[in-house]
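S.K.: What follows is each chain in one-letter form.
Number of protein chains: 2
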Amino acid sequence: MLEDKEQKRTSLDNLGEFRLIEHLTENFNLNHSSSKVGIGDDAAVLDYTDKKTVLTTDMLVEGVHFDLSYMPLKHLGYKAVMVNLSDVYAMNAVATQITISIAVSNRFPLEALEELYSGIALACKLYNVDLVGGDTTSSTKGMLISVTALGQAQDHKIAYRSGAKPNDLLVVSGDLGGAYLGLQVLEREKEVFKVNPNNQPDLSPYTYIVERQLKPEARKDVVELLEKLEVQPTSMIDISDGLSSEILHLSKSSKVGCNLFEDKIPLDPTVISACEEFKMDSTMVALSGGEDYELLFTIDQNDFEKIKGNPHFTVIGHMTEEKEGNHLITRANTKIPISAQGWNSFKGE
Amino acid sequence: MLEDKEQKRTSLDNLGEFRLIEHLTENFNLNHSSSKVGIGDDAAVLDYTDKKTVLTTDMLVEGVHFDLSYMPLKHLGYKAVMVNLSDVYAMNAVATQITISIAVSNRFPLEALEELYSGIALACKLYNVDLVGGDTTSSTKGMLISVTALGQAQDHKIAYRSGAKPNDLLVVSGDLGGAYLGLQVLEREKEVFKVNPNNQPDLSPYTYIVERQLKPEARKDVVELLEKLEVQPTSMIDISDGLSSEILHLSKSSKVGCNLFEDKIPLDPTVISACEEFKMDSTMVALSGGEDYELLFTIDQNDFEKIKGNPHFTVIGHMTEEKEGNHLITRANTKIPISAQGWNSFKGE
Numbered sequence: 000m001l002e003d004k005e006q007k008r009t010s011l012d013n014l015g016e017f018r019l020i021e022h023l024t025e026n027f028n029l030n031h032s033s034s035k036v037g038i039g040d041d042a043a044v045l046d047y048t049d050k051k052t053v054l055t056t057d058m059l060v061e062g063v064h065f066d067l068s069y070m071p072l073k074h075l076g077y078k079a080v081m082v083n084l085s086d087v088y089a090m091n092a093v094a095t096q097i098t099i100s101i102a103v104s105n106r107f108p109l110e111a112l113e114e115l116y117s118g119i120a121l122a123c124k125l126y127n128v129d130l131v132g133g134d135t136t137s138s139t140k141g142m143l144i145s146v147t148a149l150g151q152a153q154d155h156k157i158a159y160r161s162g163a164k165p166n167d168l169l170v171v172s173g174d175l176g177g178a179y180l181g182l183q184v185l186e187r188e189k190e191v192f193k194v195n196p197n198n199q200p201d202l203s204p205y206t207y208i209v210e211r212q213l214k215p216e217a218r219k220d221v222v223e224l225l226e227k228l229e230v231q232p233t234s235m236i237d238i239s240d241g242l243s244s245e246i247l248h249l250s251k252s253s254k255v256g257c258n259l260f261e262d263k264i265p266l267d268p269t270v271i272s273a274c275e276e277f278k279m280d281s282t283m284v285a286l287s288g289g290e291d292y293e294l295l296f297t298i299d300q301n302d303f304e305k306i307k308g309n310p311h312f313t314v315i316g317h318m319t320e321e322k323e324g325n326h327l328i329t330r331a332n333t334k335i336p337i338s339a340q341g342w343n344s345f346k347g348e
Numbered sequence: 000m001l002e003d004k005e006q007k008r009t010s011l012d013n014l015g016e017f018r019l020i021e022h023l024t025e026n027f028n029l030n031h032s033s034s035k036v037g038i039g040d041d042a043a044v045l046d047y048t049d050k051k052t053v054l055t056t057d058m059l060v061e062g063v064h065f066d067l068s069y070m071p072l073k074h075l076g077y078k079a080v081m082v083n084l085s086d087v088y089a090m091n092a093v094a095t096q097i098t099i100s101i102a103v104s105n106r107f108p109l110e111a112l113e114e115l116y117s118g119i120a121l122a123c124k125l126y127n128v129d130l131v132g133g134d135t136t137s138s139t140k141g142m143l144i145s146v147t148a149l150g151q152a153q154d155h156k157i158a159y160r161s162g163a164k165p166n167d168l169l170v171v172s173g174d175l176g177g178a179y180l181g182l183q184v185l186e187r188e189k190e191v192f193k194v195n196p197n198n199q200p201d202l203s204p205y206t207y208i209v210e211r212q213l214k215p216e217a218r219k220d221v222v223e224l225l226e227k228l229e230v231q232p233t234s235m236i237d238i239s240d241g242l243s244s245e246i247l248h249l250s251k252s253s254k255v256g257c258n259l260f261e262d263k264i265p266l267d268p269t270v271i272s273a274c275e276e277f278k279m280d281s282t283m284v285a286l287s288g289g290e291d292y293e294l295l296f297t298i299d300q301n302d303f304e305k306i307k308g309n310p311h312f313t314v315i316g317h318m319t320e321e322k323e324g325n326h327l328i329t330r331a332n333t334k335i336p337i338s339a340q341g342w343n344s345f346k347g348e
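Chains as they are written, first to last, in numbering that gives the first Met the number 0: chain A, 0 to 348; chain B, 0 to 348.
There may be inaccurate statements among the hints.
Unchecked claim - Not close to chain A: a few residues of chain B, all C-beta gaps over 10 Å, as computed:
1) ASP40
2) ASP49
3) GLU114
4) LEU121
5) THR136
6) GLY141
7) ASN195
To be verified - With a straight-line Cα cutoff of 30 Å, these simulated BS3-like cross-link-like pairs (lysine-lysine) come out:
8) A:LYS140 <-> A:LYS156
9) B:LYS214 <-> B:LYS263
10) B:LYS219 <-> A:LYS35
11) A:LYS50 <-> A:LYS140
12) A:LYS50 <-> A:LYS305
13) B:LYS164 <-> B:LYS307
14) B:LYS140 <-> A:LYS189
15) A:LYS50 <-> B:LYS124
16) A:LYS35 <-> B:LYS263
17) A:LYS156 <-> B:LYS35
18) B:LYS227 <-> B:LYS164
19) A:LYS7 <-> B:LYS140
Since the hints were derived computationally from the structure, they do not count as laboratory data.
Since this is a predicted model, take the numbers as computed values, not measurements.
We treat Cβ as the ideally placed atom computed from N, Cα and C, and that holds for glycine.
Using the sequences and the hints given, assemble the complete structure.
M.R.: Here you go:
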């Protein structure tokens with residue numbers, strides 16, 4: 000529905016994968032001193048002589064993680080990078096390099112991949128990361144993107160999932176649930192479009208949540224802000240699968256429990272109104288929605304004054320002894336166990 | 000045809016990706032001092048404080064790069080690692096870590112992924128590399144494996160594609176063409192099997208070439224041998240797409256030309272007899288076949304004495320001035336230009 004049907008189409012068949020990767024990456028520059036050699040040899044060469052390296056990888060599959068009927072390819076390229084950078088920032092590290100591998104069927108013309116790479120290029124520019132490698136190959140069906148991201152940090156700055164202690168405060172950046180509701184809006188409009196292809200949807204009331212879904216931003220700024228505020232998170236994770244699932248990861252890795260306060264969960268007004276429209280419970284959406292790519296972290300209580308009143312951060316709970324378990328304290332002051340209801344690609348939607 | 004139809008089948012649907020990756024990787028250990036933290040956090044943490052890091056990534060797609068009707072899953076896992084380690088060794092570096100990401104449709108039971116990971120585990124053990132990350136997700140069709148490999152080397156040891164000089168000798172490890180002919184044998188048997196599923200093929204005359212296709216070995220030993228012989232390759236590349244294509248990569252990157260001598264190309268006797276059987280020209284098979292994962296490198300003429308007579312190495316030509324171009328000198332002493340006829344996944348077979 001957002002697709003331009005008049006696009007120029009150059010078949011990939013006669014281009015070959017060497018020329019394809021050359022063509023797609025010719026305008027990418029290396030900006031980090033740690034990026035010694037990028038694309039063009041058997042491997043990239045990197046120099047991490049004075050810091051630790053963090054490494055993460057994620058795959059996005061058409062029909063599972065994205066739907067090209069409403070996901071513009073440029074946004075998809077951007078998002079594929081964000082998903083991975085988010086994992087680097089969740090280590091409290093600075094992202095420095097990425098590799099991108101793509102498998103595509105022949106139904107995609109070269110111009111489609113150029114669109115995709117323009118989103119990747121924008122992400123590299125805005126987040127200051129170097130593209131240093133990758134692979135392009137054909138698939139028998141659809142598109143698949145595999146990204147690996149590397150980052151650097153001083154050893155003592157790295158925030159693991161395992162460092163939370165009882166009484167640490169649980170903090171989240173930004174607000175939650177928007178990406179999931181944006182997806183609901185897009186899915187609804189897709190169904191409308193199937194019935195009436197001439198219908199032009201008015202998405203303007205949903206701008207914020209649709210952008211959260213189509214063009215998420217990884218929280219590079221949070222890592223920088225924590226450094227500036229001199230706050231070292233005791234543990235950290237990014238929210239890709241929903242708040243409840245990420246809390247359980249932190250608790251399990253740190254061998255602690257957690258009390259999460261329902262009335263503290265940060266929600267954008269658009270999220271609240273969309274929840275009313277879709278007859279969904281906003282707390283459930285925040286707990287299980289996923290794809291917000293906010294950072295969830297714990298801090299020592301002594302650091303509370305440093306983040307207090309900061310508009311980027313909300314204290315949503317605190318950690319407890321492991322034996323106390325993980326609970327949501329509702330607005331009605333009842334205590335219900337938190338269960339993992341995050342998104343699972345093997346179960347589908 | 001090599002599939003056991005009586006396998007136990009545990010559906011992936013109800014396992015979830017967190018438990019899946021935990022389950023599949025629980026027996027993997029970290030052996031390198033540079034592997035500080037592996038799977039289980041947002042990112043792996045690596046320590047490369049005294050050496051340069053090399054990074055490479057490759058994708059294998061079912062129906063494009065492999066056919067599960069004759070490729071056992073354990074072999075596939077092993078090969079997926081080899082393909083990437085080969086790129087690390089082609090930098091004259093020591094492979095240290097890998098990440099594995101897999102997209103699979105629900106037609107694969109858990110036991111299939113366990114088989115795949117048993118091959119990955121074997122490769123990690125034999126080649127001394129640590130599995131430090133990855134992703135598992137569902138696909139709408141088939142299986143796709145994306146591997147990233149990291150390695151380390153001292154700066155002055157790294158061999159790029161770009162360092163060859165005129166008069167350098169062109170050297171190849173092992174022998175060529177076997178993997179391609181192994182594929183021909185397997186494809187032929189697959190056709191026979193389609194006609195008569197009870198036919199049990201006798202592959203014993205083809206053991207060597209079938210193994211070259213199904214279970215290639217990356218040439219870790221060559222990197223170690225060159226170190227021991229005190230030979231620093233002036234340029235190096237691995238032969239994944241066929242000799243001609245790799246020679247052209249070296250020549251182009253190094254801004255040199257090349258004379259390749261047909262009568263020097265190392266061929267196993269099984270390759271020669273299979274070529275007769277399939278009515279193929281053995282030189283063409285070596286030039287264009289691909290997937291042998293041997294190393295192709297150049298050395299200074301002064302290093303010739305160090306490798307002379309070594310059974311692992313064959314001098315197959317020498318580099319020239321760029322303006323002289325790239326030529327094959329045939330047995331009949333005619334000079335024909337080398338063209339890239341390596342394997343191109345966008346063109347199919």
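S.K.: Could you run down the list of hints and mark each one as holding or not?
M.R.: Here's how the hints hold up against the structure:
no. : hint                  : result
1   : ASP40                 : violated (5 Å)
2   : ASP49                 : violated (7 Å)
3   : GLU114                : holds (18 Å)
4   : LEU121                : holds (21 Å)
5   : THR136                : violated (5 Å)
6   : GLY141                : violated (6 Å)
7   : ASN195                : holds (27 Å)
8   : A:LYS140 <-> A:LYS156 : violated (43 Å)
9   : B:LYS214 <-> B:LYS263 : holds (26 Å)
10  : B:LYS219 <-> A:LYS35  : holds (23 Å)
11  : A:LYS50 <-> A:LYS140  : violated (41 Å)
12  : A:LYS50 <-> A:LYS305  : holds (27 Å)
13  : B:LYS164 <-> B:LYS307 : holds (20 Å)
14  : B:LYS140 <-> A:LYS189 : holds (23 Å)
15  : A:LYS50 <-> B:LYS124  : holds (28 Å)
16  : A:LYS35 <-> B:LYS263  : violated (36 Å)
17  : A:LYS156 <-> B:LYS35  : holds (14 Å)
18  : B:LYS227 <-> B:LYS164 : holds (23 Å)
19  : A:LYS7 <-> B:LYS140   : holds (28 Å)
Checked against the numbered hints given earlier, this structure breaks hints 1, 2, 5, 6, 8, 11, 16; the rest are met.
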